Amino acid sequence: MEKRKRRLISRTIILLLLGAALVFALYTNFTKDKNESLRKGSVAPNFVLTDMEGKEHKLSDYKGKGVFLNFWGTYCKPCEYEMPYMEHQYQNYKDQGVEVLAVNVGESDYAVNNFITKHDLTFPVMIDQGREVENAYRVDILPVTFLIDKEGQVIDIITGALTEKSIQKHMERIKP
Amino acid sequence: MKEVKCDCGHINPFGTKICGKCGMVLGSEKENKLIDMRYEGSARRSQTYKKTIVDKIWNFFSSVKVGVTLIVIALIASAVGTILPQEMYIPSTATPAEHYELEYGWFGKVYYELGFHNLYSSWWYLIIIGMLGISLLIASIDRFFPLYRSLKKQGITRHDGFMKRQRIYGVTKLDDHDINLDKVKAGLKRQRYHIREENGHILAEKNRFSRWGPYVNHIGLIIFLIGALLRSVPGMYIDKVVWLREGERKEIPGTNGEYYLKNNEFTLEVYDKGNKEDEQYSAAIDKTGTIAKTYQSDVTLYERKGDALPGEKVDLEEVKDYKIKVNEPLKHDHYSLYQVDYKLDELSTMAFNLINKKTEEKFGGVKIDLNNPQKRYELNKGYSVDLISYFPDFEFDDKGEPRTISKIPNNPAFIFKMHTPDKPEGEVSFVAIKETAEPLGENTYKMAFNGVETQDVTALTVRKDLTLWILFTGGIIFMVGVVQGSYWNHRRIWIKRKQDEIVMAGHTNKNWHGIKRDIKKAIESTSLSEPTDQLEEEKSSTKGEVLNG
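Those protein sequence lines, which keep their order, are chains A and B. For the first sequence, the working numbering assigns the number 17 to the initial residue and increments by one for each residue that follows. For the second sequence, the working numbering assigns the number 746 to the initial residue and increments by one for each residue that follows.
Note that these hints are calculated values from the structure, not bench results. Everything numeric in this text was worked out from a predicted model, so none of it was measured. Every residue gets a Cβ at the ideal spot worked out from N, C-alpha and C, and that includes glycine. Possibly wrong hints are sitting among the right ones.
Which chain A residues face chain B? A few, computed with CB under 8 Å, are given here [claimed, not checked]:
{"id": "1", "residue": "68"}
{"id": "2", "residue": "70"}
{"id": "3", "residue": "89"}
{"id": "4", "residue": "91"}
{"id": "5", "residue": "94"}
{"id": "6", "residue": "148"}
{"id": "7", "residue": "149"}
Given these sequences and hints, build the entire structure.
Put into structure tokens, the structure is as follows:
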């Protein structure tokens, strides 16, 4: 009887281990695609970038505030589409603890400055010259917006152009 | 579920077919002329009881039938995945949903709808492979341990019924003379048999280790599967591409900012028909056009000193210079950088002269860095040029407005405002490759094209694969198992001395001809009669019947 009990226990353990391995394999495989970009719920990678006015922005300094982190390029039409809405909503939410950081994907100062002038942008715009922030956030498609809450957690990742309404909705979500 | 006690006093687990010690045939095997020697007639663990759910699952995976079925299903599924190209091999510009139907018709549509375009990473394919792995492991555990135990514990003196039912069997009547078995023993020893004796009975055995071949093989396979599984674990496997212009230094993606790479120069050499050395290739060059001799990136690898946030100024230390060529990657700290693509002659600067259209008098020149243009260029005294707009990759959009479709200067276009002493307000000129326009009326001055500078761009694959050595180890163990199991055979010869006869039986797991030859060699020059192959006898006798009938 003792023997049989031992056997049952060892079998159960082996089966559980194998089952766990299988579940693990499935899990890692299905999160692989999302692994390519950042996952929801993970801590937003910290970074430092200097905006076009020479002011340094460190993400961790915005703890306690919501951060609307947008990656964009001047050549990207949907990026251009959402910019005026972002600007408009920034005016509404900047006093409610929501910061907009618009990170350009390594274009020239000339192109970015021209773009800022064209759209009258007042939120901080910065150029990720070395593409390091882009790599850290595993940016693939533009535009992409990371919603970072006051704890510094990425609560959502949105690709594609945003309408004014959805920008407002998202700002509501990260408002502290 | 009772244990079975043999006449010799040995207690065998339930399900045993042949007593582990004396070899007496137990249960239904008695009716057979020859016994099935698989797993030494020991009780396979799974067969003993089927009570709890755990045991039921265990039994399922232990079954060879289930294992073979899984292999067949996996084979069919893998084959189906090769009928049409997988998603990663279709052009990246195509939308899969449309591409499959467009290219392959209704079949492509069905193929796509069923998800076969991503078959190898589908959940059901992974489950099949996973179950196959589980089946391999459990079936092995279930068979290896009882087999190991029964071979370890096997008795030397075997029951008459056991001997009689062996395929190789022979009896030598002693009548009145006696036979000294020493000669036979010596003969067997010479053939590297291990001899064990008990009361004058002999067990000669060799190459038992070849029986472990299949299990070693399975261990190799399981290690291989684990390696494949680890590929999707973050940090174990990286496969990225980095594009670097000449003179550009960038973070190597996938290294978390630990390494930076600078492209010093990219060279593409082609075989030249005019060159004497390359003459032998002239026919091939005629046939295919240009043929590359070398793709080479001269790079410098840097390592980051200390910590730095992305975007922060980093302290870099030069690690080494290297020339990356096809098949000669730069290897460092588990990372490999392979030459994968290139782009020749990307525009880097463009120069213009400000001239009077009529007199063609020059008032100075500008050289525009296409990746970092300035807003204003000062020329001769009183002359300057403003860059109002710049489109690195210019085209007209559907509203007829100029725009850029990327940040790469593939087709640069400019809108200049030229300030001159006689036109202080400025004249506006649109300049693109092979076209100029004067949107605000006729100008006196123009920006005359004055040459370009280009640079090459190299593309490198960043690869890190920590699973490779696991796959390698698995593969080697797999092969060791195959060799172990196929180039050696486990052979046993039993010699039982009775009152007036000597009984001889033999068993091997494969190559029956070999064991027969061993026996023949061992007993030559003795008066022992050669045992016969009972299976062959049976065959020839049935054949005889057929012939007679």
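The hints, checked one at a time:
About 13 Å separates the beta-carbon of residue 68(A) from the nearest beta-carbon of chain B, more than 8 Å, and the hint is not met. Annotation: residue 70(A) was flagged as interfacial toward chain B, and the flag is violated, the nearest CB pair being 14 Å apart, outside 8 Å. Here the hint on residue 89(A) is kept, as its CB sits about 6 Å from the closest CB of chain B, short of 8 Å. Taken as an interface hint, residue 91(A) checks out: its beta carbon lies about 5 Å from the nearest beta carbon of chain B, inside 8 Å.
Annotation: interface hint on residue 94(A) violated; nearest CB of chain B at approximately 13 Å, more than 8 Å. At about 4 Å, the closest approach between the beta carbon of residue 148(A) and any beta carbon in chain B falls short of 8 Å, and the interface hint on this residue holds. Interface restraint check for residue 149(A): the shortest CB-CB distance to chain B comes to about 5 Å, inside 8 Å, so the restraint holds.
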